[in-house]
Amino acid sequence: MYNVMLILRCPKIFFLMFSGHIDHSTKIMHVITWNRSFKNLPDHDDLNDNFEIDDRFDTHAAVLDRMLAWEKKLYDEVKAGELMKINYQKVTLLQKQKKRGVKLETLEKTKAAVSHLHTRYIVDMQSMDSTVSEINRLRDRQLFPKLVELVDGMAKMWSAMHRHHRNQFMIISGIRGFEIPPVPRERTDLHYNQTCELRDIVKEWHMQFEKLMDNQKAYIRALNAWLKLNLIPIESNIKEKVSSPPRLVDPPIKNLLHAWHDELERLPIELAKTAIKTFAEVISNIVHLQEEEVNLRRRCDETRRDLSRKRAQFEDWHQKYMERSLPYSKSTHVS
Numbered sequence: 001m002y003n004v005m006l007i008l009r010c011p012k013i014f015f016l017m018f019s020g021h022i023d024h025s026t027k028i029m030h031v032i033t034w035n036r037s038f039k040n041l042p043d044h045d046d047l048n049d050n051f052e053i054d055d056r057f058d059t060h061a062a063v064l065d066r067m068l069a070w071e072k073k074l075y076d077e078v079k080a081g082e083l084m085k086i087n088y089q090k091v092t093l094l095q096k097q098k099k100r101g102v103k104l105e106t107l108e109k110t111k112a113a114v115s116h117l118h119t120r121y122i123v124d125m126q127s128m129d130s131t132v133s134e135i136n137r138l139r140d141r142q143l144f145p146k147l148v149e150l151v152d153g154m155a156k157m158w159s160a161m162h163r164h165h166r167n168q169f170m171i172i173s174g175i176r177g178f179e180i181p182p183v184p185r186e187r188t189d190l191h192y193n194q195t196c197e198l199r200d201i202v203k204e205w206h207m208q209f210e211k212l213m214d215n216q217k218a219y220i221r222a223l224n225a226w227l228k229l230n231l232i233p234i235e236s237n238i239k240e241k242v243s244s245p246p247r248l249v250d251p252p253i254k255n256l257l258h259a260w261h262d263e264l265e266r267l268p269i270e271l272a273k274t275a276i277k278t279f280a281e282v283i284s285n286i287v288h289l290q291e292e293e294v295n296l297r298r299r300c301d302e303t304r305r306d307l308s309r310k311r312a313q314f315e316d317w318h319q320k321y322m323e324r325s326l327p328y329s330k331s332t333h334v335s
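The sequence shown runs 1 to 335 under UniProt numbering.
None of these hints come from the bench; they were simulated from the model.
Treat the hints loosely; a few may be bogus.
To be verified - 30 Å max Cα-Cα, derived DSSO-like pairs, lysine-lysine:
hint: 1; residue 1: 203; residue 2: 310
hint: 2; residue 1: 156; residue 2: 72
hint: 3; residue 1: 228; residue 2: 72
hint: 4; residue 1: 85; residue 2: 146
hint: 5; residue 1: 254; residue 2: 72
hint: 6; residue 1: 320; residue 2: 310
Here the structure is a predicted model, which means the values were calculated and not measured.
Work out the full structure, taking the sequences as your base and the hints as a guide.
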């Protein structure tokens, strides 16, 4: 369990830097853009600082955030590209103007506008290609290894848990062969509190197990949904040589996610949840019985104390009565 926590850890500085109202993906893109730019090389101190931050964020969560930042960048570029396509339809207008024989000045202005849009379109598509390539690089070289590491860590976690449970079962089975002194009939407050604590722990176990499996399934579904969109190539309806690079048909992450999803669906999760819930209900019934027993014991103690108090009062009264009666009996005897 500890290894899985280390894999999914988020350094404290990660939250400190990205807290507030500013979208942290913008901050990530600022660092990413700087690291990917080779036009102006920074000085040695700046280089060390930026690469140190990047290494510090090399966690599962950090990889997802970097991919989110690049996906947002791609979204903005695709949206701008769609607007560019609309404006690029001026090519059709130019062709119609040629047929109608418009003035040369108007024709030249339209040609200049179309040429400018054509250049911007090519530049935007090249930028989009770079963004797509970077997303694919993050997907295959960073996210995929992190997912493999997570699967391996969870497999070790469940294996260790199974080993501990098996050892506990063997210990319990061995204890049954020994002669155990009878359990005292009365349950103390300590016994009751310990049973309540066990009940709360088992309930928490059931809730956390349910959250773990539900969140794991939701995460895999989200990754599969994203991957389906990621594998759709970005196409252009304008006939140009510049186009988005072809995407891998079956990247390694696809087979991993499908296998992960299938294995989760085959697990007897509901059976395990029912067993834990039933165990919690049994302990809850024991708690109720012990609570009744403790309440009865307390009432018995109160009754016993009340009886002792009344006995003391009676004995005190009897003593005083005997002291008053003694002189009278002596005088009667003398007479």
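Verification of the hints:
1. 203 to 310: This hinted pair is violated, its Cα atoms lying about 46 Å apart.
2. 156 to 72: 35 Å, violated
3. 228 to 72: Given pair residue 228, residue 72 holds - Cα atoms ~17 Å apart, limit 30 Å.
4. 85 to 146: Violated. Residue 85 to residue 146 sits at ~38 Å, over the 30 Å cutoff.
5. 254 to 72: 22 Å, holds
6. 320 to 310: 15 Å, holds
This entry does not satisfy hints 1, 2, 4, going by the numbered hints stated previously.
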